[in-house]
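Taking the working numbering, the leading residue of the sequence shown gets 3, the next gets one more, and so forth.
Keep in mind the hints are simulated off the structure, nothing from the lab. Check the hints yourself; a few may be wrong.
When the alpha-carbon atoms are kept at most 30 angstroms apart in a straight line, the in silico BS3-like pairs for lysine-lysine are as follows [what the hints assert, rightly or not]:
#1 Lys52 - Lys31
#2 Lys9 - Lys59
#3 Lys219 - Lys9
#4 Lys31 - Lys59
#5 Lys101 - Lys10
#6 Lys9 - Lys216
#7 Lys163 - Lys86
#8 Lys9 - Lys101
#9 Lys31 - Lys9
#10 Lys10 - Lys219
#11 Lys10 - Lys59
#12 Lys101 - Lys31
#13 Lys216 - Lys94
#14 Lys94 - Lys10
#15 Lys59 - Lys216
#16 Lys86 - Lys59
#17 Lys219 - Lys101
#18 Lys94 - Lys163
#19 Lys86 - Lys9
#20 Lys219 - Lys52
#21 Lys31 - Lys219
#22 Lys52 - Lys101
#23 Lys101 - Lys59
#24 Lys86 - Lys101
#25 Lys163 - Lys59
#26 Lys31 - Lys216
#27 Lys9 - Lys52
#28 Lys86 - Lys10
Restraint ranges, calculated between C-beta atoms of paired labels, are given here [said to hold, decoys possible]:
#29 Asn51 - Pro102: 17 to 27 angstroms
#30 Thr12 - Lys219: 18 to 28 angstroms
#31 Ala93 - Thr36: 29 to 39 angstroms
#32 Thr197 - Lys94: 12 to 22 angstroms
#33 Asn24 - Asp49: 33 to 43 angstroms
#34 Arg16 - Ser95: 26 to 36 angstroms
#35 Gly30 - Pro102: 39 to 49 angstroms
Quick reminder that beta carbons are idealized off the backbone N, C-alpha and C, glycines included.
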Amino acid sequence: MHAGAYKKFTYEGRSYYYLTINGENQDGKAASVTVMAENLNVGEMVDGNKDQNDDSKIERYCYDNDTMKCEEYGGLYQWAEMMKLPSECNAKSCADSIKPNHQGICPDGWRLLTYEDMYVVVHANGNRNGVADIRSMGFGGFNYSGYGLIGAGYLWNYGFKNLNEATYWHYPEEAIRGGDINVKSFSGRQNNTSTAMTSQDANKTHGFSVRCAKINK
Numbered sequence: 003m004h005a006g007a008y009k010k011f012t013y014e015g016r017s018y019y020y021l022t023i024n025g026e027n028q029d030g031k032a033a034s035v036t037v038m039a040e041n042l043n044v045g046e047m048v049d050g051n052k053d054q055n056d057d058s059k060i061e062r063y064c065y066d067n068d069t070m071k072c073e074e075y076g077g078l079y080q081w082a083e084m085m086k087l088p089s090e091c092n093a094k095s096c097a098d099s100i101k102p103n104h105q106g107i108c109p110d111g112w113r114l115l116t117y118e119d120m121y122v123v124v125h126a127n128g129n130r131n132g133v134a135d136i137r138s139m140g141f142g143g144f145n146y147s148g149y150g151l152i153g154a155g156y157l158w159n160y161g162f163k164n165l166n167e168a169t170y171w172h173y174p175e176e177a178i179r180g181g182d183i184n185v186k187s188f189s190g191r192q193n194n195t196s197t198a199m200t201s202q203d204a205n206k207t208h209g210f211s212v213r214c215a216k217i218n219k
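Whenever a hint applies, use it, and build me the whole structure from the sequences.
Structure, rendered in structure tokens:
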């Protein structure tokens, strides 16, 4: 049902599908967000046992250090890398550097996905199956919203885990619920059996997927 709704744009030589999803925000009011329907894949691959600490370029992890996995699932990024901030921000608070509509490694005119964006996606108009409607059919979902979340796995303590079973993403904010805010991000997560919109604090050095949302003009 979403085939006609998808559009494409090109960034750093790669084409990405995106679409506009209409739904409700956390206040129960009508809202819409234009989001990528696939994970970002940009940057030079570095080995999963290293930090993304070359601030002169964008670096990415590919699951199992296999670039073909990046082609299929997108890259995995530490928090500071996603935010396009100095790598030292993974080890200290850089709250003063977080901007509204924070672009990070997204293309011009786009910004990093927020919790509010994800809320609208999950609460899309006509959504019938909760978070299952944001997941692809190969990831325990129905993809009713068209968002097409996939089980891209993640890098956790420098080890790749749970391809096709789970996925995480950093939000452009630091931890808000306890823990050491200096080294924690606020992140979202789903596995192939999730029944709720879940989030948690995670180490900024974990490698997670990235999606971008279009800035409303």
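Now the hints, each set against the structure:
no.	hint	in the structure
1	Lys52 - Lys31	44 angstroms, violated
2	Lys9 - Lys59	28 angstroms, holds
3	Lys219 - Lys9	18 angstroms, holds
4	Lys31 - Lys59	40 angstroms, violated
5	Lys101 - Lys10	26 angstroms, holds
6	Lys9 - Lys216	12 angstroms, holds
7	Lys163 - Lys86	24 angstroms, holds
8	Lys9 - Lys101	27 angstroms, holds
9	Lys31 - Lys9	26 angstroms, holds
10	Lys10 - Lys219	19 angstroms, holds
11	Lys10 - Lys59	25 angstroms, holds
12	Lys101 - Lys31	24 angstroms, holds
13	Lys216 - Lys94	29 angstroms, holds
14	Lys94 - Lys10	37 angstroms, violated
15	Lys59 - Lys216	23 angstroms, holds
16	Lys86 - Lys59	9 angstroms, holds
17	Lys219 - Lys101	17 angstroms, holds
18	Lys94 - Lys163	26 angstroms, holds
19	Lys86 - Lys9	26 angstroms, holds
20	Lys219 - Lys52	38 angstroms, violated
21	Lys31 - Lys219	20 angstroms, holds
22	Lys52 - Lys101	27 angstroms, holds
23	Lys101 - Lys59	20 angstroms, holds
24	Lys86 - Lys101	12 angstroms, holds
25	Lys163 - Lys59	25 angstroms, holds
26	Lys31 - Lys216	20 angstroms, holds
27	Lys9 - Lys52	35 angstroms, violated
28	Lys86 - Lys10	24 angstroms, holds
29	Asn51 - Pro102: 17 to 27 angstroms	35 angstroms, violated
30	Thr12 - Lys219: 18 to 28 angstroms	20 angstroms, holds
31	Ala93 - Thr36: 29 to 39 angstroms	34 angstroms, holds
32	Thr197 - Lys94: 12 to 22 angstroms	36 angstroms, violated
33	Asn24 - Asp49: 33 to 43 angstroms	42 angstroms, holds
34	Arg16 - Ser95: 26 to 36 angstroms	33 angstroms, holds
35	Gly30 - Pro102: 39 to 49 angstroms	23 angstroms, violated
Violated hints for the displayed structure, listed by number in ascending order: 1, 4, 14, 20, 27, 29, 32, 35.
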